[in-house]
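The task is simple: from the sequences and hints, build the whole structure.
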Amino acid sequence: MKKNNSILLSTPYILWMVAFTLIPLGVVGYYALTDPDTGVFTWSNIRELGTYLPVFGQSIMYSLVSALICLILGYPVAYYIAHRGAVMQKILYMLVMLPMCMSFLLRTLAWVGLLQDTGIINNLLAAVGLPRLQLIRTPAAVVLGMVYNYLPYMILPLYSTIVKIDHRLIEAAEDLGCTPAETFRKVTLPLSMPGILSGLTMVFVPAVSTFYISQKLGGADTVLIGDVIERLYKQGNNANLGAALSLLLMILVFVCTGIMNRLGGDEEAVVV
Amino acid sequence: MKKVFALILAAAMTAMVLSGCGGQEAVQSSNGKTTLNVYNWGQYIADGSDDSLDIIAAFEEKYPHIDINYSTFDSNEIMYSKLSNGGITVDVIFPSDYMVARLIEEGMLLEINYDNIPNYQYIDEEFRNTAYDPENRYSVPYTWGTVGIIYNSNYVDEEDVTGWELLWNEKYNDKILMFDNSRDAFGIAALLQGYDINTTDEAELVACAEALAEQKPYVQQYVMDQIYDLMENEEAWIAPYYAGDYAIMAEENEALEFYLPQEQGFNLFIDAMCIPTCCQEKEAAELFINFLCDPEIAAANMDWVGYGVPLSEAKNYMDPETVEDPVAYPSDEALANGTSYDYLPPEITRHVESLFMKVRIS
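Sequence order for the protein chains is A and B. Numbering follows this note's numbering, in which position 130 of the first sequence is assigned residue number 290; successive positions increment by one, without gaps. Numbering follows this note's numbering, in which position 335 of the second sequence is assigned residue number 336; successive positions increment by one, without gaps.
It is possible that part of the hints are untrue.
[Said to hold, decoys possible] Only pairs whose alpha carbons sit at most 25 Å apart, straight line, appear in this in silico DSS-like list of lysine-lysine:
1) K217/B with K83/B
2) K217/B with K172/B
3) K63/B with K217/B
4) K83/B with K359/B
5) K83/B with K394/A
6) K63/B with K283/B
7) K250/A with K324/A
8) K394/A with K217/B
9) K359/B with K394/A
[Said to hold, decoys possible] Reference listing, derived: stretches of chain B covered by chain A, where coverage requires no fewer than 3 residues with Cβ under 8 Å from a Cβ of chain A:
10) 43-57
11) 73-86
12) 228-236
13) 351-359
It should be emphasised that the hints constitute simulated quantities derived from the structure, not laboratory data. In this text, a Cβ means the ideal position worked out from N, Cα and C, and glycines have one as well.
Dropping the structure here:
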């Protein structure tokens, strides 16, 4: 009886998954392996993927760098929040979430207004007699956009992991003669590893497939794989090659997150 | 239990299949009005700003039983993708000449009943029996125009403005914009090298791609409708674009100038109104097309849009300054070297698109 109930309860989600994830995935696979004009089976879309490998490489680099910067910026913030009083924690948590209440597109456009050659920052610089800077259409601007947009996805999982760390373990380390630095390195950091890994994944996955940020903040050189896929569907009217690229992107994301989890697993094993 | 599960699954699948190819019935809004879906280029109909006539509001006022659902596209190719992917209902579209030919060729347009468009009588003779619709069965011309170079005279030296090579001038590094569609981009590259803009010769296409790759380091961005903001705010100084849109930009920034490379040649285009096969409200669509061909309405519309009007009758109602403007209405002599885009076979279109993609990701 108990078992039956659980199936019944999960049925809506299973149906949802089948209808909107599994079947569409099948459609993506079908498109990737058929010819755009005739609809017959072909490997040509897959063979063409080689051309796009440098773009994949570039996308992965940008998102890895962004994920690492998010970690470096986000960890102290999460640590700080986790060590405040209960009320303060709630307020700070809300503040981290606040930017996400506004449209992601608007926030990115706001950065364009700040950074462009005729934007607010450069106009201020010019007003006080300083030379204008090349801020927008640089790799750094793209990374900035990714970090800015995805930082909450790093802070939130880190916070919820750090806040659950048993304080007695830290006291024990201190009692046994660890300096604060050693306590952090040997106790807090290993125990927050699950949060670090899920934070890295949650930043990396949306960043690697983004297209809007690179189009708005990047130059003609910063074309990411999301841009290519979008272009193939819209301008190129080549959904088949687009599907093949999406499929490869999905596989790469699985592999990358798999590697991350594997690394985490090993480290945990070492600690235990 | 398993049976229940299977039943639910089957029901869900059926519902999905039904909604997949169904959903094509005409949408009658709750108040009994007809909804007319119009799919047009951005900034391509007078919208009431700058003291212009709000064309859509005027139409809805004249025909209160019709509601217009208006949406826009950036390029012919995007519009084509949307239509060919299916699943949408559009009643009136505004493709350019070569795209009209492609849509006719692929059976994606309905024949227009010209009895419902009495205002067709005003269309000038030179815009009838065109190369893209030789028998006048599928299209009614909306505008015509040229593609030239818009530049900011505060930053660009007049002596550099000699032709399409301005878009390849290293001096204006990072201040040059380029078309984000392969047809216009390759057209310009072909003109620069003295090829025909409708070339299908493999060596010439590759040479065009190489020219675009050479240009890429100096290009700030590849854009379509974003060009308005970028040029008006002087974020960019040089951009190839449609002459009609220059008027809108020049109103915001007086330093902007337009140059038509008469010697090298340029694209001369006609944008037309057509009814796609996914149309649900053909009569309302014809009513709308007829409305836009009314000389007084067309005059009010084109005063704002800034493109050439294909019905001379309308010029009587237009702002005389616009009619005499050599940018919107170049002399016959200036137009001598203009060429229109021809319909190219799909494999060439796809090949050009993939060459362009390679330029973009290089």
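Hint check:
1. K217/B with K83/B: Given that 25 Å is the threshold and the Cα spacing comes to 28 Å, the pair is violated.
2. K217/B with K172/B: holds, 14 Å
3. K63/B with K217/B: This hinted pair is violated, its Cα atoms lying about 49 Å apart.
4. K83/B with K359/B: holds, 23 Å
5. K83/B with K394/A: holds, 8 Å
6. K63/B with K283/B: With a Cα-Cα distance of about 18 Å, the restraint between K63/B and K283/B holds, given a limit of 25 Å.
7. K250/A with K324/A: Answer holds: K250/A to K324/A is near 15 Å, not above 25 Å.
8. K394/A with K217/B: Status holds; Cα separation ~22 Å.
9. K359/B with K394/A: Holds, at roughly 16 Å.
10. 43-57: Three-residue rule not met by the stretch 43-57 of chain B, so violated; n is 0.
11. 73-86: holds (count 7)
12. 228-236: holds (count 3)
13. 351-359: holds (count 5)
Taken one by one, the earlier hints fail for this structure at numbers 1, 3 and 10, listed in ascending order.
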